[in-house]
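In the order they appear, the protein sequences are chains A and B.
According to this note's numbering, the first sequence is numbered sequentially starting from 1.
According to this note's numbering, the second sequence is numbered sequentially starting from 453.
Worth double-checking, as some hints may not be accurate.
[Unchecked claim] Only pairs whose alpha carbons sit at most 27 Å apart, straight line, appear in this in silico DSS-like list of lysine-lysine:
#1 B:Lys477 with A:Lys256
#2 B:Lys477 with A:Lys247
#3 B:Lys548 with A:Lys246
#4 A:Lys336 with A:Lys75
#5 A:Lys8 with B:Lys548
#6 A:Lys6 with B:Lys477
#7 A:Lys75 with B:Lys679
#8 A:Lys276 with A:Lys225
[What the hints assert, rightly or not] Over 12 Å on every C-beta distance to chain B, these chain A residues come out as not near it, computed from the model:
#9 Ser2
#10 Ser31
#11 Ile180
#12 Gln239
#13 Pro272
#14 Glu291
#15 Glu341
#16 Ser423
#17 Gly447
Simulated from the structure, these hints should not be mistaken for laboratory data.
Yeah, the Cβ is synthetic: ideal placement off N, Cα and C, and Gly gets one too.
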Amino acid sequence: MSLRVKPKIPLSGWGNYPISHSDVVRPERFSQLNQLEGCTIPRGLGRSYGDASLNGDHRVVLMERLNRMLAFDEKTGILRAEAGVTFEEILDVFVPRGWFLPVTPGTKHVTLGGSIACDVHGKNHHHDGSLGAHIKEMEIVLADGTVGLCSPKKHPELFWATIGGMGLTGIISEAALQLIPIETTFMVVQHHPTKDLDDTLAVLGDSKIDDKYSVAWIDCLASGKSMGRSIVMNGHHAQPGEISLKKQELLLLPKKSQHSIPCNFPSWVLNPLTVKAFNTFYYKWESSKKEPFLIDYDHYFYPLDSIAHWNRLYGKRGFVQYQFVIPSKNASEGLKVILDELVQSKRGSFLAVLKRFGAEGKGLLSFPREGYTLALDLPISDGLFPFLDHLDELVLKYEGRIYLAKDARMKPETFRAMYPRYSGWQKVKGAVDPGDKFNSDLSRRLGLEGKR
Amino acid sequence: MTGAVLVLGATSAIAKATASAFAEKGHPLFLAGRDTEELHRIASDIQVRHQVEVKYGSFDAEKHQEHAVFLQHAVREMDGLDGVFLAFGDLGDHQKAIDDFTVAERIIDRNFTGACSILHHSANYFEEKGAGFIIGISSVAGDRGRQSNYVYGAAKGALSLYLQGLRNRLFPKGIKVITIKPGFVDTAMTFGLPGMFLVASPEYVGKKIVKAVTKSRDIVYVPWFWKVIMMIIKSIPERLFKRLKL
Chain A
1 MSLRVKPKIP LSGWGNYPIS HSDVVRPERF SQLNQLEGCT IPRGLGRSYG DASLNGDHRV
61 VLMERLNRML AFDEKTGILR AEAGVTFEEI LDVFVPRGWF LPVTPGTKHV TLGGSIACDV
121 HGKNHHHDGS LGAHIKEMEI VLADGTVGLC SPKKHPELFW ATIGGMGLTG IISEAALQLI
181 PIETTFMVVQ HHPTKDLDDT LAVLGDSKID DKYSVAWIDC LASGKSMGRS IVMNGHHAQP
241 GEISLKKQEL LLLPKKSQHS IPCNFPSWVL NPLTVKAFNT FYYKWESSKK EPFLIDYDHY
301 FYPLDSIAHW NRLYGKRGFV QYQFVIPSKN ASEGLKVILD ELVQSKRGSF LAVLKRFGAE
361 GKGLLSFPRE GYTLALDLPI SDGLFPFLDH LDELVLKYEG RIYLAKDARM KPETFRAMYP
421 RYSGWQKVKG AVDPGDKFNS DLSRRLGLEG KR
Chain B
453 MTGAVLVLGA TSAIAKATAS AFAEKGHPLF LAGRDTEELH RIASDIQVRH QVEVKYGSFD
513 AEKHQEHAVF LQHAVREMDG LDGVFLAFGD LGDHQKAIDD FTVAERIIDR NFTGACSILH
573 HSANYFEEKG AGFIIGISSV AGDRGRQSNY VYGAAKGALS LYLQGLRNRL FPKGIKVITI
633 KPGFVDTAMT FGLPGMFLVA SPEYVGKKIV KAVTKSRDIV YVPWFWKVIM MIIKSIPERL
693 FKRLKL
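Only chain A is shown next, with the shape it has when bound in the complex (with noise of 0.2 Å):
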């Protein structure tokens, strides 16, 4: 059964920035990731922000079909399935059996794929590392046709490079995913407001307070003594005990509420003025919550999820996310600094999240490392992209680094600064795929080439 591609199809990231047009396929049947001739790089849902996921000129390969769940152990919670599949399905089909996903980013919409290609993390990236712990093996289909398996034994140096590999080694076709055990579909959270920076930090780094998720809205058009004001929303998995609901329903999947933006709004509905209006009144509202309170797993991890195509909020133009991780060493002083500039530059936007992020993992290109990581939206308009070079810089200057996942226009000198693992990581891609098949708009973008 041959592949019939669409020719030339516009396709973007979830920042709606760059659009690129590439040859289009779409397989249906295992057997097809063999038929892919040329340049090539797979796409899950397309919710990475930049051009990691696109290839203009070449050929994408959308995996969304080859989403097969093909075995699961109920003693051990370990899951195998087609890397097409999505987190939204994995917990549709599993919270009910009480089992979690191990680590989630901020949206159900991805694929298992297109996560362990980013090496995804979550709110408890400080306890239990990020989405590549907790793959026990992959399956990958390579440059040159074969399906290589590897884990943290067996071929170990190619899984830690296809973790966070921004799917530059071959296809994730299938991998084993450790699943967590729950008892019930809530979760227990507690909000601390805070008044500036350092308090933010301290609470987000005290034990005392500290929850297996923990995360910081933060306030970045607060300026002055707030500077860095946030609400941290600690949560963990509620207990049978802690509800009083029957024990037939403590693992009844919510009801998903769904509105939609329907169309890209105008550039002038996010400006400094509503951003700012809608900052203090959601830091008010979000600090009332004094005691800790109970609520379902699809809003305490998914908030955004319930607004399809909220990109949308941010026009045609589109938006560009900005997040970086900086050592704890320097956390407090780098991050005042780059929230004063975003504060001057009046860029700043209602999406602000600070994460505290535990040691680095194996990924030669992974994102996390030890430290906190700040990530913002940022409209795009004129004079952005200079403005993000400049805070690059500080980045760097702070021996920080960019996600790559949601990356857009990070310049080649900076990445290879950023990730001293790179080398490492050519010495694979060169030895895996010779012959630069898998390749993508970021590729070629940050220079990323195997050894020759």
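Please build the complex by placing chain B on the supplied structure of chain A, with the hints as guidance.
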């Protein structure tokens, strides 16, 4: 009743979605097709998601002489069948079919003759059993012959007639025969084809098919508006239609 359903052509997107919808209601399944590696993956997926028994086996629409034995095998494996769901078909390359009759012959076999063969044995099985249902996926393309795909259209049209006859024969025995006529569906068959509109998802079609069984429907256009569209198409006088380039 939630007895076993035989899914013929189980590797297609519509078949997979319908099989899932049946499994969600508790029906065990027997998946049939030529690509057993794919069938294994689909079977595993349905078993993990819906926790019903799913078996699979090799089936080739064009190998008529094997159909009787195949059906007996499926019946034995599943300890009897409640329904047979015929989901195989091949759009084929119309231009090649015009140039080379062997290509046209295959389109007719894969969509009609092969279907008649397995339907023949299925009908006899259900008639003897005294209960059950047969679902056949035809197409709106079978409602009128058009210059752009009349070989496929004719085969599907013939299939609709055959199913209609079976419906008439089996109704007194309490056996349902349902004809499904999908419009454009987002599958490998139509991916990348120009001129598509009002494209339905396989999941939507699957749900509608299972509902059609519950509601004992006869001929079901999916989505419903294709019934209106085809009524209009069919009402165009031949004198005018022959001049069009649909």
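Verification of the hints:
| no. | hint | result |
| --- | --- | --- |
| 1 | B:Lys477 with A:Lys256 | holds, 22 Å |
| 2 | B:Lys477 with A:Lys247 | holds, 24 Å |
| 3 | B:Lys548 with A:Lys246 | violated, 64 Å |
| 4 | A:Lys336 with A:Lys75 | violated, 47 Å |
| 5 | A:Lys8 with B:Lys548 | holds, 25 Å |
| 6 | A:Lys6 with B:Lys477 | violated, 36 Å |
| 7 | A:Lys75 with B:Lys679 | violated, 50 Å |
| 8 | A:Lys276 with A:Lys225 | holds, 16 Å |
| 9 | Ser2 | violated, 10 Å |
| 10 | Ser31 | violated, 7 Å |
| 11 | Ile180 | holds, 18 Å |
| 12 | Gln239 | holds, 26 Å |
| 13 | Pro272 | holds, 41 Å |
| 14 | Glu291 | holds, 38 Å |
| 15 | Glu341 | holds, 46 Å |
| 16 | Ser423 | holds, 38 Å |
| 17 | Gly447 | holds, 32 Å |
Comparing the model with each earlier hint shows violations of hints 3, 4, 6, 7, 9 and 10; every other hint is respected.
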